[in-house]
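Could you put together the complete structure from these sequences and hints?
There are 4 protein chains.
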Amino acid sequence: MIIVMERHASPDQVFQVEERLKERGFQVHRSEGVERIIIGAIGERTPAIIEAFESMTGVEKVVPIVQPFKLASREFQSGATVVRVGESSIGDGNLQIIAGPCAVESREKYLQVAQTVKEQGATMLRGGAFKPRTSPYSFQGLEEEGLEILAEARALTGLPVITEVMDPRMIETVSRYVDVLQVGARNMQNFFLLRELGKIDKPVLLKRGPSATIEEWIMAAEYIISSGNPRVILCERGIRTFEQYTRNTLDLSAVPLVKQLTHLPIIVDPSHGTGKWKLVEPMAMAAVGAGCDGVMVEVHQSPSEALSDGPQSLTPDNFGKMVRRLRSMERALNSM
Amino acid sequence: MIIVMERHASPDQVFQVEERLKERGFQVHRSEGVERIIIGAIGERTPAIIEAFESMTGVEKVVPIVQPFKLASREFQSGATVVRVGESSIGDGNLQIIAGPCAVESREKYLQVAQTVKEQGATMLRGGAFKPRTSPYSFQGLEEEGLEILAEARALTGLPVITEVMDPRMIETVSRYVDVLQVGARNMQNFFLLRELGKIDKPVLLKRGPSATIEEWIMAAEYIISSGNPRVILCERGIRTFEQYTRNTLDLSAVPLVKQLTHLPIIVDPSHGTGKWKLVEPMAMAAVGAGCDGVMVEVHQSPSEALSDGPQSLTPDNFGKMVRRLRSMERALNSM
Amino acid sequence: MIIVMERHASPDQVFQVEERLKERGFQVHRSEGVERIIIGAIGERTPAIIEAFESMTGVEKVVPIVQPFKLASREFQSGATVVRVGESSIGDGNLQIIAGPCAVESREKYLQVAQTVKEQGATMLRGGAFKPRTSPYSFQGLEEEGLEILAEARALTGLPVITEVMDPRMIETVSRYVDVLQVGARNMQNFFLLRELGKIDKPVLLKRGPSATIEEWIMAAEYIISSGNPRVILCERGIRTFEQYTRNTLDLSAVPLVKQLTHLPIIVDPSHGTGKWKLVEPMAMAAVGAGCDGVMVEVHQSPSEALSDGPQSLTPDNFGKMVRRLRSMERALNSM
Amino acid sequence: MIIVMERHASPDQVFQVEERLKERGFQVHRSEGVERIIIGAIGERTPAIIEAFESMTGVEKVVPIVQPFKLASREFQSGATVVRVGESSIGDGNLQIIAGPCAVESREKYLQVAQTVKEQGATMLRGGAFKPRTSPYSFQGLEEEGLEILAEARALTGLPVITEVMDPRMIETVSRYVDVLQVGARNMQNFFLLRELGKIDKPVLLKRGPSATIEEWIMAAEYIISSGNPRVILCERGIRTFEQYTRNTLDLSAVPLVKQLTHLPIIVDPSHGTGKWKLVEPMAMAAVGAGCDGVMVEVHQSPSEALSDGPQSLTPDNFGKMVRRLRSMERALNSM
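Chains as they are written, first to last, in the working numbering: chain B, 18 to 353; chain W, 18 to 353; chain C, 18 to 353; chain S, 18 to 353.
Be aware that a few hints might be false.
A pair counts as met if it fits within one copy or between any two copies, since identical chains are not told apart.
[What the hints assert, rightly or not] DSS-like, lysine-lysine: derived pairs with alpha carbons at most 25 Å apart:
| hint | residue 1 | residue 2 |
| --- | --- | --- |
| 1 | Lys338 | Lys293 |
| 2 | Lys216 | Lys293 |
| 3 | Lys219 | Lys276 |
| 4 | Lys78 | Lys219 |
| 5 | Lys338 | Lys87 |
| 6 | Lys78 | Lys295 |
| 7 | Lys135 | Lys338 |
| 8 | Lys87 | Lys293 |
Derived from the structure by calculation, the hints contain no laboratory data.
The structure is reproduced here in structure tokens:
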């Protein structure tokens, strides 16, 4: 890191900073300019250390140089992580297509849609048993009953199942039923939850927080990995911007960036990422063009009767059409 | 709510929407314009209902009319809520000044700073036993040992104590030690945590999420109140913006807005709200000018040695000067 | 539009609103709910009218129903606008590939890169003669000399040329030299400039403002069209978000949205949209997947010597590779 | 500035960077860490230079160290700039209260409201003759006729007058009529306009762009000052955030920050900054608490009949009440 001293910092202030750096094991390089002194400090930096030096008198600012994540970085592991999920893999070069309704609403409806999306080409299933809702008066999910239905759908279709977990007390239960545990966007920085997910033996799908930077998102992955679980899949699902026509703004530049910065696989959720079913197919096509490892979309037999996220859900027919286009594009890209 | 039909919606599509509205107990008023039909629907609306109608064919959009919160609203309760905390009250017209270090770092240091801020005019104490940190490699707090120190500081000074709780499994323990449980900004939409806090018999200080709208923040308060606990205090602590000079942008318009929309008390945290101690006093003064019920600031004996948030911490001396200015301003405002 | 009265609005206040609506030629439909009265008003709305009613006593809020743009809308013109540029067309189903350096730096260098990008597959040229720079101390462009070089490059390559105009006093001059006049992102709401561009007989490329919503952007197009010039091409170039790794966040959902809302062609600029040359190719591929009419990228012989925007410029070799991939993808999409 | 080399940068790449730095007159200090080499470069940096080095092979990133503005900085001029306007001064420790309607709508109405706000305590007048409007269908101002009315109001009341100029072609005309030329928020980065305003002999009120950082805003002031006009007054008028209840989010932390970073005076516009008249008084009080040099508010005889910005305009009565409270607060602050 670089420590920029104030213009009129005294020699003693500079000395104090350098002494404290050395105490903490940093190599110190001083550059004296016409206007101010800059101290280069080489060693391990953490946010806490940056803050400590920023508080010293005479210091104008501290500039971090290297990215704060380690285990998730390409520098730590140059080869791509491939996450095994059931019989499939995410990150092995094949496009995974994850589909299902936002919430598990009933046994009959879920099993039916699961069967349908499988026939249309889905390779994994999604469905929420616990639903985080902005309003306490909205449908909150079928909870454990929903988990049983998900397990039944897996048995029926042979496809792996992904569902969200919101409360550390539920991790054990949820793990018994599903193949991948999802951390929802609102919980991306629920660090207690992340740490507990680092202790289990199942893959974790980590959604990006709606206002998180890519660095904060990777740091959340670092929490899980550093707690013991390297099987992390990132999921871009749109960020909050000023736009009113869409629910979120899907940030597809996250796809190549995550590939360059980390070794983790990344999938894209154009349903939450746009909030409008008419935008789902073009944005799924764009996501594949950007190089993602999979897409996750919401499909509902009858979107207008969905208990949540109807406006962004595809009908099974539209889903089928989209799958065919995505597969054509995948083939075209593979043959380039 | 208002349902706007597409320009070329068929009579049957309009009929379907109106029938479904009536099934759900809405009064329906149709307005036929030159270009399109608009249906006014009067009845209870929830986000789920809005989504359901947005998904129907022929519907262009659904416009909610009234705000989604009820129990927190001025319409529900016109008089201001005063939250009793120990011997003091938040929201009774007196300015509360809450102070202490970001984290409880050791028994000796905490008891000393607690005593000092009391002497300088603090009316409540703050201090973190559990710290949510962006990096898994940063200091995470003393945990239960920190709670014991907080309880000792309360006994020593006679001042009520506020601390953050991050995990629903810890609520019971934390409640035994402190007077007010704080929900941190990153957990503002941790709905499981909010619901559990609705079941306890202690006040809850609800910080605004860094990218939350005021409506989402009040909805989070609604979760706590609707679960049984009406003693909610809101705390503005800055929102994320494009600004680089400050850590967050303190949104002081939240103060009069919250007063107009809800009956809940609101305090302001200019330490997190700016991230720079040189901005804390002017922004605390501004917050009092805007009409807040209290301010919460970070004070540390030696900010450059703080294990977290040093750059935004006041020294005890600067804190003392600020308190004198805030009290002068409070008197001037009361005498207008 | 819908006028929502306050909960305790008096009958007289309701009457006043309805009378004023009728005076202004609106059809009025009143809906009386349990809690409040809602007035539907059918007629032409403008922002000014909305504000006028929002200021009336007893009015809680005014909700606009239909979008504020007309001439740019799909409802006004259902078929796509194809903008003729030289011998080519933008919006006719063929992908246009616009390339060149950020700024025209010298005659020799510009003619050389123009020739090179043509050989590599560019179909139009770009280059700035006037450069809007955040700092008054940065290179501001070659000005009129730059225009002459652009005209020479056009003669040499036969490709049409696009350049930015920033000042209404320069429109006439710039028009004499180039084929398409570009409005830069920072000038998207420079309404005097937009109106003057509505009076010329050349196509206008309208870049999206870095914090503009899609509606505001289309309204800027509406300024040009309503002043007499229907040949408007929209260009998505990234919006400002909290992200630090990229210069902007490229919003590709703008592509299908603009196609649904308007009849105008839309191209994508992944160079400004990301600020990093390593992201340009994947995002150009994604843009084509999303359905854009063209891409515009920065190419420089020696990016590290560029006087502006070096970090986001492709070398001619990388540009050539990208063109081959984009054309493969275009063929694959056309054959689906 | 600091140049961070990539982890596996070759010795030759490091050499190239250092050579080029020396060519450009930088002092170079190399720090060799375990993982990478960092080069400190002392000399004048501009955005263009940063970009040039970021484009060199082997360079990971370039970190600017000192702020890019010079003439506006406290380091360049430690004493505060006081801008003389007519008989008054902005920045001399007295609070200026600038008032008037958003737009000049007619001679009779403007002269009446000017007289009224003077009686209620306004010290300067505002009013728009040219109005930048998002929609081409909204009222665009009385243009030159409006300027004549402003000049008449100045003669009548003896108060200085502020109005916006949007087009470089109008600067000369506007200068003949008014005392202060305002750059509107949408034109903050209209660099041609800024440069022309640097050549006149009148003060310039520079509004902050709705999405501008404080650094970008100060850089816009630097454009004016470096073109020859040091009489710049900054005006905070709210930034765009996700909030829906307010039109903008007033960033009052800009007040102490601008005071710390620059020597320029700063005023606050709580009318545009909130968009709601009920928030104007509390936010004006907060602005004074934060230490601003003046407030600028919209006042209209009959806000519901205003041709623009009615919802945020105070009635003359409410304006009078606010002035009395602001003056009480000013006295209290002065006596601390």
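Here is what the structure says about each hint:
In this assembly of identical chains, the alpha carbons of Lys338 and Lys293 lie at most 25 Å apart only when taken from the same copy (17 Å versus 34 Å across copies). Taking the shortest alpha-carbon separations for Lys216 and Lys293, neither the intra-copy value of 36 Å nor the inter-copy value of 37 Å comes in at or below 25 Å. When the C-alpha separation of Lys219 and Lys276 is checked against a cutoff of 25 Å, the pair qualifies only within one copy, where the shortest distance is 22 Å, while the shortest distance between copies is 42 Å. Proximity of Lys78 to Lys219 under the C-alpha cut-off of 25 Å is found in neither arrangement, the shortest distances being 42 Å within a copy and 37 Å between copies.
In this homomeric assembly, Lys338 and Lys87 never come within 25 Å of each other (Cα to Cα): the closest approach is 41 Å inside a single copy and 33 Å across copies. Within a single copy, Lys78 and Lys295 get their C-alpha atoms only as close as 47 Å, which misses the 25 Å cut-off; across copies the closest is 14 Å, which meets it. Taking identical chains as interchangeable, the C-alpha atoms of Lys135 and Lys338 lie at most 25 Å apart only when both belong to the same chain, with a minimum of 13 Å there against 37 Å between chains. With identical chains, the CA atoms of Lys87 and Lys293 are at most 25 Å apart between copies only, with a shortest distance of 23 Å across copies and 37 Å within one.
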